[in-house]
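Protein chains: 6
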Amino acid sequence: MNRRDGRTADMLRPVEIIPNTNAFAEGSCIIKCGATMVYITASVEDRVPPHVAEGCGWVTAEYNMLPRANRTRSRRDVSKLKLSGRSAEIQRLIGRSLRSAVDMEKLGPHCITVDCDVLQGDGGTRTASVTGGWVALKLACRKLLEAGLIDEDPVIHQVAAVSAGLVEEEALLDLQYYEDSGAQVDLNCVMNERGELIEIQGTGEGRAFTVLEQQRLVSLCQKGIQELMVKQTCALTGGAE
Amino acid sequence: MNRRDGRTADMLRPVEIIPNTNAFAEGSCIIKCGATMVYITASVEDRVPPHVAEGCGWVTAEYNMLPRANRTRSRRDVSKLKLSGRSAEIQRLIGRSLRSAVDMEKLGPHCITVDCDVLQGDGGTRTASVTGGWVALKLACRKLLEAGLIDEDPVIHQVAAVSAGLVEEEALLDLQYYEDSGAQVDLNCVMNERGELIEIQGTGEGRAFTVLEQQRLVSLCQKGIQELMVKQTCALTGGAE
Amino acid sequence: MNRRDGRTADMLRPVEIIPNTNAFAEGSCIIKCGATMVYITASVEDRVPPHVAEGCGWVTAEYNMLPRANRTRSRRDVSKLKLSGRSAEIQRLIGRSLRSAVDMEKLGPHCITVDCDVLQGDGGTRTASVTGGWVALKLACRKLLEAGLIDEDPVIHQVAAVSAGLVEEEALLDLQYYEDSGAQVDLNCVMNERGELIEIQGTGEGRAFTVLEQQRLVSLCQKGIQELMVKQTCALTGGAE
Amino acid sequence: MNRRDGRTADMLRPVEIIPNTNAFAEGSCIIKCGATMVYITASVEDRVPPHVAEGCGWVTAEYNMLPRANRTRSRRDVSKLKLSGRSAEIQRLIGRSLRSAVDMEKLGPHCITVDCDVLQGDGGTRTASVTGGWVALKLACRKLLEAGLIDEDPVIHQVAAVSAGLVEEEALLDLQYYEDSGAQVDLNCVMNERGELIEIQGTGEGRAFTVLEQQRLVSLCQKGIQELMVKQTCALTGGAE
Amino acid sequence: MNRRDGRTADMLRPVEIIPNTNAFAEGSCIIKCGATMVYITASVEDRVPPHVAEGCGWVTAEYNMLPRANRTRSRRDVSKLKLSGRSAEIQRLIGRSLRSAVDMEKLGPHCITVDCDVLQGDGGTRTASVTGGWVALKLACRKLLEAGLIDEDPVIHQVAAVSAGLVEEEALLDLQYYEDSGAQVDLNCVMNERGELIEIQGTGEGRAFTVLEQQRLVSLCQKGIQELMVKQTCALTGGAE
Amino acid sequence: MNRRDGRTADMLRPVEIIPNTNAFAEGSCIIKCGATMVYITASVEDRVPPHVAEGCGWVTAEYNMLPRANRTRSRRDVSKLKLSGRSAEIQRLIGRSLRSAVDMEKLGPHCITVDCDVLQGDGGTRTASVTGGWVALKLACRKLLEAGLIDEDPVIHQVAAVSAGLVEEEALLDLQYYEDSGAQVDLNCVMNERGELIEIQGTGEGRAFTVLEQQRLVSLCQKGIQELMVKQTCALTGGAE
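Quick note, the sequences are listed as chains H, Z, G, Y, P and X, same order. If you read the first sequence in my numbering, its first letter stands for residue 17, the second for the next number, and so on. If you read the second sequence in my numbering, its first letter stands for residue 17, the second for the next number, and so on. If you read the third sequence in my numbering, its first letter stands for residue 17, the second for the next number, and so on. If you read the fourth sequence in my numbering, its first letter stands for residue 17, the second for the next number, and so on. If you read the fifth sequence in my numbering, its first letter stands for residue 17, the second for the next number, and so on. If you read the sixth sequence in my numbering, its first letter stands for residue 17, the second for the next number, and so on.
In case anyone wonders, no lab produced these hints; they're calculated from the structure. A quick note: this is a predicted structure, and the numbers were derived from the prediction, not measured. A few of these clues could be false.
When chains are identical, the list treats them as one kind, so a pair holds in a single copy or across two.
What the hints assert, rightly or not - Simulated pairs of lysine-lysine, DSS-like, Cα-Cα distance not exceeding 30 Å: (1) K48 to K159; (2) K247 to K48; (3) K122 to K247; (4) K96 to K239; (5) K48 to K239.
Build out the structure end to end from the sequences listed, making use of the hints.
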């Protein structure tokens, strides 16, 4: 199968992670994966939610699409007085993924909120949010360290995410919108630096899929995530002053 | 590891599916998996949502926990004026899973809403909702067939779901609450009658998990789902008048 | 007039009260009055609302119809972001009725919330909720007593409720849906064990009614409530382990 | 018992009904019962709710307390994003009461909304709203008649309402706030011009009440309502230009 | 241009300010400007919002139109679950204007909420709310002084407001509805007793306006506000017992 | 007075308008005024709101601050289930301002929604939204023209906006956050290409201001707006492909 943008089946779209894009947030970046573009800030606050153990920190995420992130304009959630079910589902995924990267004791009594606002969506906005969200989180923790507010870096794992899917019976990495909307199977993986899974979410939209097919898609993701982690590391190295 | 209720690692909890528990709904059942108990109705309406293709049908789901489904009472969503993020996430999963079982053209221009109200929750409420939801959906379609409103059974696949998880490094099938809340990894599978995946959702709550561990958990689910499908079939056979 | 189910004018529908139907709630029951079926839990919490006098307890109620409790499916309140006016009106009635049964000083600083979720509605759901709600409340207080958390039973009155109405000029006890929807006059009484009124709510839907007619309906209710109290007592005696 | 304002047990507070207080509404009045003061408008619209039979009309009511209607300021419902349960209960009562006065076929396809905004509340706001609401409704129908939009007056009954209660074991008519808040029993009656009941709502706040006591309170209300109807008629006669 | 009510271009509509119209509020009035009529209460509470400096007071305002304040009935904000944008904008203006009149240190730790409920709207409801709101605020502070709760009058400025506009190229003072809805330019001024501006809000609805035209409109407002301040003073002098 | 960034009293901050920043929207730009940065899209839809005259078009605006646009993180409006009053006020201003630039008949039956999402706020976000919003609007209309969907450019005026204020008794143009928050008077002007006013909004936060002072501030704005219009024109010329 020929992909519209000429990629081979196991290629990522061009990825760009621009760090420190917000003057106020403790950590921030813009992540671009092809035409998908997410504006991310990580904000540190000194109080944690009530369910958090004494002395520990917390990480949470919020996800939102700007009204014209898509091909047609969508109404804002606030005008409907409810968070869309899709946004609720996605921001829970991002929050769980980023928490898996952090030692909450080392984070001390700080809460970091990672806001992911999709400026432009062309498929893969949730995985881009995880990948970019980790960079913003890391930058925020670096600032806490530099300010002497914490003693050790609480980010003990590197975390990134990507999707893969079956399109016309072929396994493809990093689906963009036109592929995603026609995919038979769509699978998102969040992994750490050892290639271990943190989250896996797969859906047979068009047909069910075998365990073997599922494994093939996970392998594709594993390859893509390795490459994304190089991009993350570059952003953290090159983007720092 | 010894499970509190004496089960082996690959055993389901006792399952009971009581069909036709609601006098008005086209399809209904109560499903009990151990102490988990979900009240399910499938309601047929003659109009479909605007996005559905001309002449086709639709299946959707709603999920709700009654205030005292849990060990402590929770406030109703309506008193908070918002559907909880967790409920939103779960009802989207149930809806996608049940839609995969149905040929929407055969369903004609009918919309079936499957309401899953958890009377008692002891782990596995979302997978019980899928398993019981399929029974209610099947019963509703049977009624449509008997009434001559559709010509062929639109339920072209059998669908059931179960969870498995890593608890103290051991892979266990069908986690109940005390296991689930302490699980390192929690994975839900929705499968069809051929053992193919429809949905897979895995989360490393306590630690990341290897691809091999993930495959082990999928195998456990596959075994459990086969047994659940026998229960579904019994309910449909024995429960009919 | 012949009633569809063969009852005489002053007969109740078959009543069944199944106690202890929820494993977690301090008190619970299912009450069935004909085809009407309400799932009730009484939950004890240790804090009381701010308006309650120091050292006293409180009793409150919430009422909700499941989406397919009726002949056609209704949208959930949460999807409309508002509690229906009808539910608001009914849960205030249930709350006032149950509070009249309780000595708030003896209840100590506990708040009991009685949740009435209608699984199936065939007329008389609000009165069934009061009658069953009293059983759940009594069971919850019994548990508090057994646990030594209170010294004396705070339930100092027995409370039950029933409706009566004028249908085709005839006074009938305990209207079911098809009677209720065609009733000229509909009257609900909540009474205590001495046959005294706690709440009376009468509405002339089809026509106004004389004071004499009103008295006739109250007498019918008085008779029905005596019988319901026998059922309540049975449930409390037989249902206890 | 001596009432603070020197009334005998069966006396109403001074009542004043000022018609045509709003320049735009088809019908309007201000009703004062002692210090209770309600601003009422009846608005005619040309479309009826979907549940209304072809060619028929409809009457509905909305009830609201202004923030400083009471001794202390209350937050507006809109700031809490929900109609208070109390307002919901009351506006349903007003709507049912006023509908009982109207022949919906004669009202043709018009919907009349009666808005009752309490400027000052000193007990009896719901019954004052019914009594004044009927005057506004009558005025609106008169305007429809004068404009030739309907052929016959659809207001076929006169409707008014008042409360009575047991205070320190004595039956008193038309409770004002300080009596109401200390009442043992509080009962509201809505009646028509023949002294027949349209609505009866009684609550034993402090203690249960016997059927005999209930009858005594209804008799008091009957007397008060006769006097209120004289006031209504005066307002309609004197207030017209 | 001839104005419908015979006013010259620089004349106000007849203004009436009736003080002490609410028995419970610390300050209150009804203000009528032609057919515009606003019911205003000023309520004192003993706690201030969290952002207020220790020991200081606060003044805030809420603005609401009753459903039939206008030529056609509007739905209540609560039924739409949101404060209208227009109301939000207006109540912020009223709040800022009234705060400019007050020395917050002298107000001590009291919060005064000025509620402006429009009974009838015929143009100029926001400026009438400011003008009448100041009277209610002054009365409330007088009550605080008389009760010895504060030592000095915190109302250190007199504040009033009016609109002017360009209608058919002519500058007119105090637009009523039929003028306002056809105005090319509409400008509201809030001023103090020295003729200084506190707020200015001008909008070119039909066309842009020159700086010179803007100055002409401000002059008209200045003249009108002087006259309104005489009315305010009368209301405070004559209206007190 | 020395301004922190070395500007003279009548200097704008550095302005940058980057056009075509969104791949899907018919018009878009990012506008930067110093550290203030707003992401703007103009979306064309084929239906207009019901109040619009047959055959005419409409322009509306929405304004939103991203959670970390400010020095501290703010909760999203959707989590509070209400649009903030401030956002409501601002988006009404932007909408009115942009509508003044457009001939609605020439816009034909299209509705253009201008979404202004503040990525970073350092004072002047509402005026930057107007200035940038006009560019996005112009670009969207250009696309409509190029696509032959309209015959003539409906943008008949150029519109831009800026603020000025009194800070420590000195009149300064284009306040940034630290100046704005300490300003005695804050005034926003929206003007067209002829230097005529479309909107003027001035507030005496710290003290009242004379008519003369107001005129001085308007003059400053006039100067700044001329410079902003050069930037707008550059963006439209240079930014087009």
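For each hint, the structure was consulted:
When the C-alpha separation of K48 and K159 is checked against a cutoff of 30 Å, the pair qualifies both within a copy, at 24 Å, and between copies, at 26 Å. Taking CA atoms no more than 30 Å apart as the test, K247 paired with K48 passes in both settings, with 11 Å inside one copy and 28 Å between copies. Proximity of K122 and K247 under a CA criterion of 30 Å is satisfied intra-copy only: 26 Å inside one chain copy versus 48 Å between copies. Proximity of K96 and K239 under a CA criterion of 30 Å is satisfied in neither setting, with 40 Å inside one chain copy and 41 Å between copies.
When the C-alpha separation of K48 and K239 is checked against a cutoff of 30 Å, the pair qualifies only within one copy, where the shortest distance is 19 Å, while the shortest distance between copies is 39 Å.
Of the numbered hints listed earlier, the single one contradicted by the structure is hint 4.
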